[in-house]
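Okay, so the sequence shown: first residue is 1 according to UniProt numbering, each after it adds one.
What the hints contain is simulated information worked out from the structure, not anything from laboratory work.
One should not assume that every hint holds.
Subject to a maximum C-alpha distance of 20 Å in a straight line, what follows is the list of computed SDA-like cross-link-like pairs (lysine to any residue) [claimed, not checked]: (1) LYS204 x SER352; (2) LYS111 x ALA85; (3) LYS199 x MET344; (4) LYS204 x ARG186; (5) LYS199 x ARG336.
Everything numeric in this text was worked out from a predicted model, so none of it was measured.
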Amino acid sequence: MSRAHRAAAVDTEKLPRPETPTPVPIRIDVQRRDLPLATAAEPLSPAAEHPPPNTLQQHSHHHDHTDNDSDVSDLSDLGLDETKAKLFRFLQDSRVPVSVSQINPHNKGEKLQTSVLQLLKELMPEYWGSVEKASDVKLERVSGAMTNSVYFVTGPDHKLEKECGESHHKVLLRIYGSGADQFISRDREMFWLCKMSEKGVAPKLLGAFANGRFEQFLNSTTLTKEDFREPSTSQQIAQQLFKLHQLIHSSDDADEVESTKESDIWNKMRRWQKMAAKEMAKLKKSQPDRYATMKTAVRDMKGIKAEIAQVEQHLHSTGSPLVFAHNDAQYGNVLRLEKDNSLMVVDYEYSSINYRGYDFANHFCEWAADYHSDTPHKMHFDQFPTRVQQLIFFNAYIDAANNDSENNKDEEEKKQDREKQLAFMYKETNKFTLASHLLWGLWGIMQAGETEIDFDYVAYACERFNQYWKTKEEMLML
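Could you build all of it, start to finish, from the sequences and the hints given here?
Written as structure tokens, this is what we have:
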């Protein structure tokens with residue numbers, strides 16, 4: 001769930017909370033740091049002035065091949081680079097249909113409906129092959145933004161509901177935007193999404209194409225900031241994060257998309273520091289008042305390089321284990337499924353191999369957020385979980401680890417005194433808040449030039465840097 005344009009989003013905080021979960025589509029995007037423009041379920045008109053041109057190339061690769069090397073060669077011949085070809089081969093081996101076709105993200109109305117139907121017939125012919133009219137494909141626009149344009153796609157009820165069931169009659173379409181390449185590796189995201197889908201901790205990946213994918217639609221409700229504070233919900237989140245974290249042990253083929261099995265958070269920070277420095281230089285000329293505000297919080301952008309190095313050295317020495325981390329477990333990214341009241345963590349754009357302490361710390365920092373308020377950039381750090389609240393979370397995580405038969409930790413580690421484990425988790429997590437503040441502070445500066453969004457990125461960056469300086473010495477001494 002996203003923190004996008006609040007003027008166009010559904011303000012769920014002002015709606016009466018139902019006693020039982022109301023079916024809500026999987027991704028009604030509201031006010032996220034990285035998704036600026038959103039409209040809630042905007043119907044797309046089927047009308048068009050002219051017949052739509054064929055916008056897709058017809059090349060589909062289903063898992064009925066016996067020669068995978070031949071498949072990759074074919075994909076490469078069709079213009080895919082080596083990394084993309086390897087990814088598509090991995091998806092094929094995982095029985096996910098793929099296509100090198102593209103959808104023009106600027107298409108609307110009947111043009112878009114025709115493109116979508118053509119891809120559905122190509123990737124899922126057993127379900128959508130009998131649908132002939134593009135006008136029978138209902139598209140509801142959930143969000144349109146820098147990272148993705150997201151639609152709910154529904155076929156004709158009288159025909160597909162019986163044939164497809166819940167998993168294909170209504171699906172989620174995600175068309176990638178071009179503005180987030182500096183933040184997100186799509187190949188990495190797709191690899192891990194497929195892994196999570198196989199493990200049942202993410203929506204099913206139904207099909208992939210050159211600039212997007214189809215996912216399973218889930219009836220669910222999005223958590224609220226208040227939900228985070230409920231002990232039972234916090235325990236469920238801990239259990240779900242444990243399941244995600246364990247994916248690092250089942251990623252033998254991750255070298256298809258991961259250049260290293262180490263965290264890249266520090267290199268990412270250094271890259272973002274360079275881009276943030278350039279953005280600040282632009283802001284100094286174009287908006288000197290905002291630049292002055294930002295400089296007060298950042299202090300010295302060149303000096304941030306030294307801060308990154310110091311924090312890296314200190315946090316690396318904590319011994320926090322490497323896991324497959326979500327890296328953005330804010331309340332809008334956690335769904336409560338209608339079918340069984342369980343939780344599912346979604347939105348994996350920032351997911352990667354990372355320190356466990358960072359994933360915990362970043363989640364706890366999100367307790368301070370209120371993305372539905374009049375000041376969605378404001379972080380209320382007085383709402384950061386107390387020690388007692390953190391221990392409730394950590395205990396649930398340890399319980400999940402002890403109950404997991406596939407846990408690769410040896411027996412000696414499992415027998416470690418729980419109090420020692422809790423003390424270690426508390427220490428690593430609170431120390432790693434410094435990394436979270438640095439990363440998202442730089443992220444905010446990088447977007448400071450964005451003017452079409454009702455989200456104050458400069459103020460958000462200042463919130464994170466101010467908290468970094470305020471807590472730095474205490475966290476280093478912890």
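Hint-by-hint comparison with the structure:
1. LYS204 x SER352: holds (19 Å)
2. LYS111 x ALA85: violated (28 Å)
3. LYS199 x MET344: OK: LYS199 and MET344 at ~12 Å, within 20 Å.
4. LYS204 x ARG186: holds (17 Å)
5. LYS199 x ARG336: Distance ~18 Å between LYS199 and ARG336 Cα, so the pair holds.
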